[in-house]
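Student: Protein chains in written order, with the working numbering: chain G, 1 to 551; chain X, 1 to 328.
Check each hint, because a few of them may be wrong.
As the list claims (entries may be wrong) - Straight-line C-alpha distance at most 30 Å; calculated DSS-like pairs for lysine-lysine: (1) K379(G) <-> K391(G); (2) K443(G) <-> K172(X); (3) K256(G) <-> K129(X); (4) K58(X) <-> K256(G).
Claimed, not checked - Among chain G residues calculated to face chain X with C-beta under 8 Å, some are: (5) L65; (6) P126; (7) S190; (8) T219; (9) F229; (10) P233; (11) D246; (12) L252; (13) L432; (14) G433.
If you're looking for bench data, these hints aren't it; they were derived computationally from the structure.
Ideal Cβ positions, reconstructed from N, Cα and C, are used throughout, including at glycine.
Now for the letters of each chain:
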Amino acid sequence: MNIKTLNCLLISFLFLLINSCDSKQSPPNNRIIIGISADVQSFNSLFAFSYEESAIADLLYPGLLDFRWNEESGELDPFPMIATSWQWAEDSSFIKFTLRDDIFWSDGEKLTSADVVFSYDAFSDPNVQSRLFGIFNQLYTEQDGHIEIEKTFKVISPYEFEMYFPKASIPDLVKLVVPVIPEHIFNKVSRDQLANHESNFNPVSSGPFKLKKWSRNQTIILEADSVSFLFLPGQVAELVFKVVPDYTSRILQLKKGDIDLVELVKVEDMDELKAEDNLSMINLIGREYDYIGWNNIDPTEYSKGKTKLHKLFGSSNVRKALSIAINRKEILDEYLLGQGELSASPVSPIFKSAFSDKVKPYEFNPDEAKKLLFLEGWKDEDRNGILEKGKDEFKFKMYYPVGNPLREYAAVVVKNNLKSVGIEVTTEKMELGTFIDNLYERKLDSWMAAWGVPIPLDLKPYWYSDPNIGVLNFACYSSSEADKILDQLETKLSNERKNELIKEFQEIIHTDEPVTFLYWTPNIIVYNTRIKNLKITPYGVFVHCWEWILN
Amino acid sequence: MKSDIVKTLITRFLSSVLTLFLLVSFLFIIIRLSPGDPTDKYISAKLGSELSERIAEKFSLNQPVTDQYLSFVSNVFRGDMGVSYNYRLPVFEVIWEYFSFTLVFASISFILQMSLSIWLALWVIKKRKKWLDKFVTNSSLFIYSIPAFVLGVALIYVFSVSFNLFPISGLKSLDYDYLSYFSQVLDKLHHLVLPLITLTAAGVALFYKYIKESMDDVLRQTFVINLRASGVDENIILRKHVIPNALRPLISVAGVELGILLGGALITEVIFSLPGMGRLTVDSIFSRDYPLVIGCVFTAGAVMILANFLADIIKLKIDKRLVKGILN
């Protein structure tokens with residue numbers, strides 16, 4: 001075979017290849033493709049630890065009630081789902097749930113009270129190690145956190161049951177509702193083997209979609225389940241989650257029309273995507289904020305089991321001075337192109353009833369910062385450009401995890417801003433796993449990171465003084481006033497009173513400034529305009545996606 | 001002679017096993033000494049570290065490193081690499097799912113690298129044009145110096161976005177299951193064209209340079225001049241005398257390249273969203289999935305040793321005098 005023949009063959013083959021596959025390039029009209037960066041490892045709601053896993057598991061396993069975001073109050077309102085009604089006892093000691101009698105699992109079995117009771121049992125079982133293990137303290141539980149089923153549930157009929165609460169309990173519906181999983185599938189499996197069970201990868205579900213096909217690290221295809229009680233005529237036939245780890249590739253596919261929806265689009269791509277006729281965007285602000293952590297106590301002493309204020313960041317005035325010295329607006333305008341919002345406390349503006357308008361972000365004012373530092377005894381006596389207090393110079397290392405260009409940019413601004421007030425900062429990137437490990441051990445003096453905001457609002461783990469309760473209080477912030485409010489929030493109070501307390505809490509945090517709150521970062525969602533009836537709220541992007549329709 | 005080969009083969013096998021054992025042992029200690037904890041992600045706001053402690057207990061992560069190591073060694077000798085923390089499946093079950101793709105993808109790329117580079121070198125030699133030689137040599141140098149992520153993105157932009165000829169990512173179409181068997185094969189190949197070009201281009205350029213120089217050396221040898229003077233056909237000289245002699249130094253490099261390819265092609269896999277060993281290894285490192293990290297490194301080490309062994313066998317086939325030197 002000579003080279004010419006070989007070339008001809010090669011070209012013919014390529015031509016055949018391109019033509020043979022070109023005909024099936026256009027996807028069916030009734031299919032929505034969502035670009036995600038990582039694959040799931042399980043479809044079982046018990047083990048849906050990651051964002052993608054819980055988004056998909058929630059579509060397969062609905063809960064007793066449906067929750068919808070109320071834009072006006074910034075709270076979740078309950079609606080019927082598996083339960084058609086729920087009735088509180090007069091003394092709030094129990095709730096009577098009545099279930100729909102027309103719900104079928106995808107294998108044809110009926111969903112009954114037994115499935116609901118089993119779900120609570122499995123989610124709380126320490127041998128299962130589910131993602132919700134340990135959160136059922138509103139119910140009767142054993143010492144290890146396992147719900148006492150007999151005390152908690154009274155099954156009246158296959159479609160009616162009562163859920164009982166201990167006397168001191170303050171039940172909250174949003175925290176009580178768990179996804180319902182099929183008892184007839186999982187009761188045959190030993191609890192400690194549930195995580196490895198085959199049904200986790202081939203789920204029997206009751207939601208508006210059921211799993212059609214999963215190609216690991218490629219695609220997850222959910223198809224509309226026409227026997228589901230949530231099935232709507234005209235609903236999209238298939239919801240495809242396409243795993244595309246490379247961001248650039250996700251955006252190119254979005255532009256080309258191979259993907260219909262992408263979350264977490266970078267602000268720098270906004271203009272280009274806006275120019276596309278077939279794309280539309282939503283900017284969700286208020287579910288995540290960036291901050292600079294100042295360790296309020298000395299990490300070396302902490303490692304020895306002692307508590308001593310940090311020599312640099314122990315004083316609230318110094319921390320305030322640091323916040324005032326950093327030009328957060330510059331980062332917001334220059335890097336985020338004005339798409340975020342400056343933050344002043346951990347309470348997001350999305351919680352409209354609880355958000356305090358009185359708490360405003362500190363204005364950038366280097367002179368004021370210098371004054372505050374001077375009052376705290378920090379002076380540049382040796383005129384080397386760095387402030388001193390006794391033998392201590394004001395210099396420290398600020399860490400941030402690798403792979404986030406926004407933080408890289410912000411670190412440079414922070415370094416330069418603080419240099420201008422006489423503080424020397426060395427910035428250092430750290431691998432994410434190592435970074436998190438150091439935070440849990442309270443080893444870092446200063447760091448830049450982000451917090452996601454849980455719905456419903458939950459402040460205690462992040463700001464409570466006792467490290468056993470405030471497990472995520474990496475700054476080791478301690479305030480008896482704040483603790484008192486956080487304790488009060490767990491007592492029986494009206495919603496109005498709770499909101500007042502949360503507003504007071506924001507004022508305390510603003511005065512103490514345990515960390516420097518930077519900005520609420522945007523979650524830019526870009527989607528194809530052929531998707532209609534898209535109701536994206538801070539509660540989630542996919543929560544009611546069975547209501548989406550295609551043009 | 002035969003007993004010598006058997007003896008050296010057994011020695012080679014044992015030393016390979018020892019190398020692999022030392023590799024995974026070293027890795028076991030290094031990753032446990034490094035910061036980061038695989039159970040950190042189970043620390044919940046409400047419960048603190050209770051769930052993470054239970055999971056650490058389940059996977060024996062709360063035991064002293066020496067105890068963990070001894071248990072690991074005894075399991076390895078039973079052929080059990082443990083269970084992946086993330087996938088909750090036996091390590092080799094997870095690896096096989098990814099390795100099967102890498103095996104096919106890397107093999108096709110390797111065959112393409114070898115055949116295209118040899119074909120190109122022969123074509124340039126046959127043409128006997130200085131400008132062509134210079135052009136191909138400089139072009140190969142240019143291609144070799146392009147990073148895979150640049151080439152991959154450029155190919156996507158030109159062939160997928162601008163001309164819509166190939167898919168941007170993935171291994172198959174969403175409607176793959178509805179296609180006939182023949183169309184399914186074509187569909188996969190259609191998806192693999194750009195990733196294969198990305199992975200293969202640098203290899204072709206590298207091997208071309210090796211082969212071309214090697215062939216030029218052989219062509220300058222006296223025996224080739226004698227053959228030409230005796231009137232032997234140029235094609236026969238090339239096929240029977242030049243190629244076998246020129247390929248010998250290439251085989252060792254090819255063995256290493258095959259080993260590297262089978263260990264995973266991270267950048268190509270990420271750009272084109274392919275489920276290969278490179279992505280699996282990196283993901284397992286970032287999530288601190290210790291058994292899976294060790295399993296991936298073990299697999300990469302094993303294929304590297306195997307690929308080199310294969311290269312040595314081929315060299316031996318070409319020249320039996322090398323038995324002892326190669327196998328030892």
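Student: Mind checking the alpha carbons of K443(G) and K172(X) for me, to see if they're no more than 30 Å apart?
Tutor: violated (47 Å)
Student: Does P126(G) pass the interface hint, meaning its C-beta sits closer than 8 Å to a C-beta of chain X?
Tutor: This interface hint holds because 6 Å falls under the 8 Å limit.
Student: Would you check the hint for K256(G) and K129(X), treating anything up to 30 Å between C-alpha atoms as holding?
Tutor: Violated - the C-alpha atoms of K129(X) and K256(G) are around 44 Å apart, more than 30 Å.
Student: Let's test the interface hint: is any C-beta of chain X closer than 8 Å to that of F229(G)?
Tutor: violated (27 Å)
Student: Do the alpha carbons of K58(X) and K256(G) lie within 30 Å of each other, as the hint requires?
Tutor: With a Cα-Cα distance of about 46 Å, the restraint between K58(X) and K256(G) is violated, given a limit of 30 Å.
Student: Have a go at the S190(G) hint: is there a Cβ in chain X nearer than 8 Å to its own Cβ?
Tutor: This hint is violated: S190(G) lies away from chain X, its Cβ roughly 13 Å from the closest one there, beyond 8 Å.
Student: Do the numbers back the hint for T219(G), that is, is its least Cβ distance to chain X under 8 Å?
Tutor: Because about 7 Å separates T219(G) from the closest Cβ in chain X, which is inside the 8 Å limit, the hint holds.
Student: Any CB of chain X closer than 8 Å to the CB of L252(G)?
Tutor: holds (6 Å)
Student: Hint validation: G433(G) versus chain X, beta carbon distance must be below 8 Å. Holds or violated?
Tutor: Nearest chain X Cβ about 3 Å off; hint holds.
Student: Please verify that hint: D246(G), Cβ, nearest Cβ of chain X, below 8 Å or not.
Tutor: holds (5 Å)
Student: Once the shortest beta carbon distance from P233(G) to chain X is found, is it less than 8 Å?
Tutor: violated (24 Å)
Student: May I ask you to test the interface hint for L65(G) with respect to chain X, counting a Cβ-Cβ separation under 8 Å as satisfied?
Tutor: Constraint on L65(G) not satisfied, violated at 20 Å.
Comparing the model with each earlier hint shows violations of hints 2, 3, 4, 5, 7, 9 and 10; every other hint is respected.
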